[in-house]
Amino acid sequence: MVGVGEVRYGFWGRVMVAGFGFGILRYRHTSQTCASKGSIDPKSWQGAFLNFGVSADIKAIVGGGGSVTYFTGGAPKGGWRGFSIGFNVGVGVAVNAGSGNFAVSNSVLLNNVVPTSQRNYIDRATNFIAPIPSAFATSIGTDLINRLKK
Amino acid sequence: MKKKIILLVMFVIIVIVVWQIQRKRGDESSKLLQNNVVFSGKISKIKISSNHNFGIVFLQTSNAVNLPETPNQGNKRFPYLVINGLAEVYTRVPDGINVGDSIKVISNLETVYYCDNIKKKTEEYIYMIDDPIDIKFITENTNFK
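Read top to bottom, the protein sequences are chains V and W.
Using the working numbering, read the first sequence as starting at 1228 and increasing by one per residue.
Using the working numbering, read the second sequence as starting at 4 and increasing by one per residue.
The shape of chain V in the complex, shown without the other chains (with noise of 0.2 Å):
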């Protein structure tokens, strides 16, 4: 799953060359205390979020950042709350004493959901090291065995 909508250009001078960050998330769902039926779906992930954050720049010129951001999304109750943290390194003169920025973006499932216990152990581990172009290639992979098979 990626989140698509936020895209950073032009003032800072600065071209991202990498990021990672993670999530802590917190969901409420009534239908955890109830069946397996319903428990927590993926696909309930996809969809608008809004994005509140701030980043700056944790030693200048060298080119290393960080963000918090706090993100929501789906139903005031039962909907997806949580905070994501974030590291970049960039190249470039331009310095980020500080910034605050508001997002609206959308995420996109690129795969179908497949129970972790059916996937591979490389399946598995790609996805934790890289998991967008984990998600990437995973999506084009099937979509090319489909074609493939038809």
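Hints were generated in silico from the structure; no laboratory data involved.
Hints may be right or wrong, so weigh each one.
As the list claims (entries may be wrong) - Simulated coverage check for chain V against chain W, where a stretch passes if three residues somewhere in it have a Cβ under 8 Å from a Cβ of chain W:
1) 1269–1277
2) 1297–1306
To be verified - Below 20 Å or equal to it, Euclidean Cα-Cα: the simulated PhoX-like pairs (lysine-lysine) are:
3) V:Lys1304 <-> W:Lys107
4) W:Lys45 <-> W:Lys107
5) W:Lys79 <-> V:Lys1304
6) W:Lys148 <-> W:Lys48
7) W:Lys79 <-> W:Lys27
8) W:Lys107 <-> W:Lys50
9) W:Lys139 <-> W:Lys79
10) W:Lys50 <-> W:Lys148
11) W:Lys48 <-> W:Lys107
12) V:Lys1304 <-> W:Lys27
13) V:Lys1270 <-> W:Lys50
14) W:Lys79 <-> W:Lys34
15) W:Lys34 <-> V:Lys1304
16) V:Lys1270 <-> V:Lys1304
As the list claims (entries may be wrong) - If we take Cβ atoms under 10 Å as the criterion, some of the chain W residues that face chain V in the derived model are:
17) Gly29
18) Ser33
19) Asn56
20) Glu113
Glycine included, each C-beta is placed from N, C-alpha and C at the ideal position.
Based on the hints, put chain W in the right spot on chain V.
This is chain W only, laid out in the frame that chain V set:
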């Protein structure tokens, strides 16, 4: 360093404000749903959007009581609409819900209950719909046009 601390404090304030706005939104929704509406039936069709599994559950019902006079309350929309025994429930649709499953809506509890033919039960919140994406989905996919 001082600027970064100010920035972080501002961030905390923004989070608290957003959190409070959402809580208020939830409280207003709860208040409007305390209207004693209850109905149940069998699911005849399901349509799900790509916005956090929000969808429309279609059913036939013969026991709807205390229905609101209008489908809207200001810019918010009730999470259900019943006309001549045909009902639609607007909510997130949990995974595994199928046509033929039983469904019961109890508005005061802000909950929709699902039960399939092997008696597995699932429940989900209902809430006043105010997200423009969800309202657009309802407008485009409702049978009540």
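Comparing the hints with the structure gives:
Given a C-beta distance limit of less than 8 Å, the hint that chain W covers the stretch 1269–1277 of chain V holds, as 7 residues qualify and 3 suffice. Under a criterion of three residues with beta carbons nearer than 8 Å to beta carbons of chain W, the stated coverage of the stretch 1297–1306 of chain V is upheld, 9 such residues being counted. Taking the CA atoms of Lys1304 of chain V and Lys107 of chain W, the gap is near 19 Å; set against the 20 Å cutoff, the hint holds. Between Lys45 of chain W and Lys107 of chain W, the direct Cα distance comes to roughly 9 Å. Compliance with the 20 Å bound is thereby established for this hinted pair.
The straight-line distance between the Cα atoms of Lys79 of chain W and Lys1304 of chain V is roughly 15 Å, inside the 20 Å bound, and the hint therefore holds. Restraint check for Lys148 of chain W and Lys48 of chain W: the C-alpha separation of about 17 Å stays at or below 20 Å, so the hint holds. Using a Cα cut-off of 20 Å, the hinted pair Lys79 of chain W and Lys27 of chain W holds, with the two alpha carbons roughly 14 Å apart. Pair hint Lys107 of chain W plus Lys50 of chain W holds up; C-alpha atoms about 18 Å apart against a cutoff of 20 Å.
A hinted pair counts as satisfied when its Cα atoms are at most 20 Å apart, and Lys139 of chain W with Lys79 of chain W qualifies at roughly 12 Å. The suggested pairing of Lys50 of chain W with Lys148 of chain W holds, with an alpha-carbon distance near 16 Å, which does not exceed 20 Å. For the hint pairing Lys48 of chain W with Lys107 of chain W, the CA-to-CA distance comes to about 15 Å; that is within 20 Å, so the pair holds. Between the alpha carbons of Lys1304 of chain V and Lys27 of chain W the distance comes to roughly 11 Å, so the proposed pair stays at or under 20 Å and holds.
For the hint pairing Lys1270 of chain V with Lys50 of chain W, the CA-to-CA distance comes to about 14 Å; that is within 20 Å, so the pair holds. At most 20 Å may separate the alpha-carbon atoms for a hinted pair to count; Lys79 of chain W and Lys34 of chain W meet this at roughly 13 Å. Proximity of Lys34 of chain W to Lys1304 of chain V is assessed by CA-CA distance (about 13 Å); at most 20 Å being required, the pair is judged to hold. At roughly 17 Å between alpha-carbon atoms, Lys1270 of chain V and Lys1304 of chain V fall within 20 Å of each other, so this suggested pair holds.
Evaluation of the Gly29 of chain W hint against chain V yields a held restraint, the C-beta minimum of about 4 Å falling below 10 Å. Below 10 Å, beta-carbon pairs count as interface contacts, and Ser33 of chain W has one with chain V at about 8 Å; its hint therefore holds. At about 4 Å, the closest approach between the beta carbon of Asn56 of chain W and any beta carbon in chain V falls short of 10 Å, and the interface hint on this residue holds. Taking 10 Å as the C-beta cut-off, the interface hint given for Glu113 of chain W holds, the closest approach to chain V being about 7 Å.
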